[in-house]
Amino acid sequence: MGLFGTFADSDGAWTTPDARREPYPVIDVHDSDIATVDYRPAGDAAGR
Numbered sequence: 001m002g003l004f005g006t007f008a009d010s011d012g013a014w015t016t017p018d019a020r021r022e023p024y025p026v027i028d029v030h031d032s033d034i035a036t037v038d039y040r041p042a043g044d045a046a047g048r
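Using full-length UniProt numbering, count along the sequence shown one by one with no gaps and you end on 48.
Hints in this document: simulated from the structure, not taken from any laboratory.
Every value quoted in this text rests on a predicted model; they were computed, and no experiment measured them.
Possibly wrong hints are sitting among the right ones.
Across the chosen pairs, the derived CB separations fall in these ranges [what the hints assert, rightly or not]:
hint : residue 1 : residue 2 : range
1    : Gly2      : Asp44     : 27 to 37 Å
2    : Leu3      : Tyr39     : 15 to 25 Å
3    : Gly43     : Leu3      : 12 to 22 Å
4    : Asp44     : Thr6      : 21 to 31 Å
5    : Met1      : Ala42     : 30 to 40 Å
6    : Ala35     : Gly12     : 12 to 22 Å
7    : Asp11     : Val37     : 13 to 23 Å
8    : Ala45     : Met1      : 33 to 43 Å
9    : Gly12     : Gly43     : 29 to 39 Å
10   : Met1      : Gly43     : 30 to 40 Å
11   : Pro41     : Met1      : 32 to 42 Å
C-beta atoms are modelled at their ideal positions from N, C-alpha and C, and glycine is treated no differently.
Generate the whole structure from the sequences, applying the supplied hints.
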């Protein structure tokens, strides 16, 4: 069984996605093989 988790970097530390502040990257790992990276810059933009 692999790693499943969602990790957000906020103010230089990894946090839960609920505790994030903008701007932030979020990494969502699925079964240790696949990861998506979302980035939310300050303002209305977003990216994946």
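Evaluation of the provided hints:
Between Gly2 and Asp44 the C-beta distance comes to about 35 Å, which sits within the given range of 27 to 37 Å. For Leu3 and Tyr39, the Cβ-Cβ distance of about 21 Å falls inside the hinted range of 15 to 25 Å, so the restraint holds. For Gly43 paired with Leu3, a C-beta distance near 32 Å fails the hint of 12 to 22 Å. The hinted window of 21 to 31 Å between Asp44 and Thr6 holds, with their beta carbons roughly 22 Å apart.
Checked against the hint of 30 to 40 Å, the pair Met1 and Ala42 passes, with Cβ atoms roughly 37 Å apart. The supplied range of 12 to 22 Å is met by Ala35 and Gly12, whose beta-carbon atoms lie about 20 Å from each other. The supplied range of 13 to 23 Å is met by Asp11 and Val37, whose beta-carbon atoms lie about 18 Å from each other. Distance hint for Ala45 and Met1: a CB-CB separation of about 36 Å, consistent with the stated range 33 to 43 Å.
The supplied range of 29 to 39 Å is broken by Gly12 and Gly43, whose beta-carbon atoms lie about 20 Å from each other. Our hint of 30 to 40 Å for Met1 and Gly43 holds, since their Cβ atoms are close to 39 Å apart. A hinted range of 32 to 42 Å for the beta carbons of Pro41 and Met1 is consistent with their spacing of about 35 Å.
Comparing the model with each numbered hint stated earlier shows that hints 3 and 9 do not hold.
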